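Residues per chain, in single letters:
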Amino acid sequence: DAKTTQPPSMDCAEGRAANLPCNHSTISGNEYVYWYRQIHSQGPQYIIHGLKNNETNEMASLIITEDRKSSTLILPHATLRDTAVYYCIVRVDRGSTLGRLYFGRGTQLTVWP
Amino acid sequence: KAGVTQTPRYLIKTRGQQVTLSCSPISGHRSVSWYQQTPGQGLQFLFEYFSETQRNKGNFPGRFSGRQFSNSRSEMNVSTLELGDSALYLCASSVRGYEQYFGPGTRLTVT
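Same order as they appear, the protein sequences are chains A and B. The first sequence begins at 1 in my numbering and counts up by one. The second sequence begins at 1001 in my numbering and counts up by one.
Accuracy of the hints is not assured; some may be wrong.
[What the hints assert, rightly or not] Restraint-style ranges between C-beta atoms, simulated for each label pair: (1) A/Leu-80 x B/Lys-1057: 17 to 25 Å; (2) B/Ile-1012 x A/Gly-29: 13 to 21 Å; (3) B/Gln-1018 x A/Ile-63: 46 to 54 Å; (4) A/Asn-19 x B/Ile-1012: 36 to 44 Å; (5) A/Pro-21 x B/Gln-1017: 39 to 47 Å; (6) B/Pro-1039 x A/Tyr-32: 27 to 35 Å; (7) B/Asn-1071 x A/Glu-58: 28 to 36 Å; (8) A/Gly-29 x B/Thr-1111: 44 to 52 Å; (9) A/Ala-13 x B/Gln-1017: 47 to 55 Å; (10) B/Asn-1077 x A/Thr-110: 18 to 26 Å; (11) A/Gln-45 x B/Gln-1041: 30 to 38 Å; (12) B/Gln-1041 x A/Pro-21: 20 to 28 Å.
[What the hints assert, rightly or not] Going by beta-carbon spacing under 8 Å, a handful of chain A positions derived as facing chain B: (13) Gln-42; (14) His-49; (15) Lys-52; (16) Asp-93.
Hints in this document: simulated from the structure, not taken from any laboratory. As the structure is a prediction and not an experimental result, all values here were calculated from the model. Every residue gets a Cβ at the ideal spot worked out from N, C-alpha and C, and that includes glycine.
Next up, chain A with everything else stripped away, as it sits in the complex (with noise of 0.2 Å):
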């Protein structure tokens, strides 16, 4: 099962920051966050994880609260390209449940020009 919550939509001036919020509060101590976007009729995208310190890679920057509840995808500068649903994850890295992932609804991020 899905245990984040992310809006359903967000929009996004093209060049500006985008800001994606995403809630696990019920987070175990040993659970990663993990990001992967979906840019329509193509299979989803692997983005970003992280398990409590912020993580930055060419892509994007992954804030992550102190008490772990809530977490924050950063895409610096926006482009129209970034159009996509971004699905928040949260799942514990271990053999018994490596290779699945649970996606919830996501973000519709729409970046406009």
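Based on the hints, put chain B in the right spot on chain A.
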């Protein structure tokens, strides 16, 4: 490095028939997961194979089955197709199950 490939990309079948979908993972990836995506239910996990063994299984009827070969390629089979099986079927590969890399999917239409 080549991405995950799925064949065929589109398929039309009739109720009662069976279908086999194929997934070729990224080279070096030993885990292959399968998902079904429909407008009503969203993305749902079907099963995952790691080193030719089914490691995880979702809540789908026994008509849905899969297998993985020694080269990590995977197939999934759906027997006795129903109209409700119309969906986008996605496979994802990963080294051991951590970050998953998805293919473009196979769009199955059952008439």
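Cross-check of the supplied hints:
1. At about 39 Å, the beta-carbon gap between A/Leu-80 and B/Lys-1057 misses the expected band of 17 to 25 Å.
2. Taking 13 to 21 Å as the suggested C-beta distance range, the pair B/Ile-1012 and A/Gly-29 does not conform, at roughly 48 Å.
3. Against the hinted window of 46 to 54 Å, the Cβ-Cβ separation of B/Gln-1018 and A/Ile-63 comes to about 47 Å, which satisfies the hint.
4. At roughly 42 Å, the beta-carbon separation of A/Asn-19 and B/Ile-1012 lies within the given 36 to 44 Å, and the hint holds.
5. Distance hint for A/Pro-21 and B/Gln-1017: a CB-CB separation of about 45 Å, consistent with the stated range 39 to 47 Å.
6. B/Pro-1039 and A/Tyr-32 have their C-beta atoms about 28 Å apart, which keeps the hinted 27 to 35 Å range intact.
7. Distance hint check: the CB atoms of B/Asn-1071 and A/Glu-58 are about 31 Å apart, consistent with the given range 28 to 36 Å.
8. Range check, A/Gly-29 to B/Thr-1111: Cβ separation about 49 Å, and the 44 to 52 Å hint holds.
9. With their beta carbons about 49 Å apart, A/Ala-13 and B/Gln-1017 fall inside the hinted range of 47 to 55 Å.
10. Under the hint 18 to 26 Å, the C-beta atoms of B/Asn-1077 and A/Thr-110, about 38 Å apart, miss the expected range.
11. The given range of 30 to 38 Å is broken by A/Gln-45 and B/Gln-1041, whose C-beta atoms sit roughly 21 Å from each other.
12. Between B/Gln-1041 and A/Pro-21 the C-beta distance comes to about 24 Å, which sits within the given range of 20 to 28 Å.
13. The restraint placing A/Gln-42 at the interface with chain B holds, with a minimum CB-CB distance near 6 Å, inside the 8 Å limit.
14. Annotation: A/His-49 was flagged as interfacial toward chain B, and the flag holds, the nearest CB pair being 7 Å apart, inside 8 Å.
15. Evaluation of the A/Lys-52 hint against chain B yields a violated restraint, the C-beta minimum of about 17 Å exceeding 8 Å.
16. With a cut of 8 Å, the hint placing A/Asp-93 at the interface with chain B holds, because the nearest CB-to-CB distance is about 6 Å.
When the structure is compared with the earlier hints, violations turn up for hints 1, 2, 10, 11, 15 and for no others.
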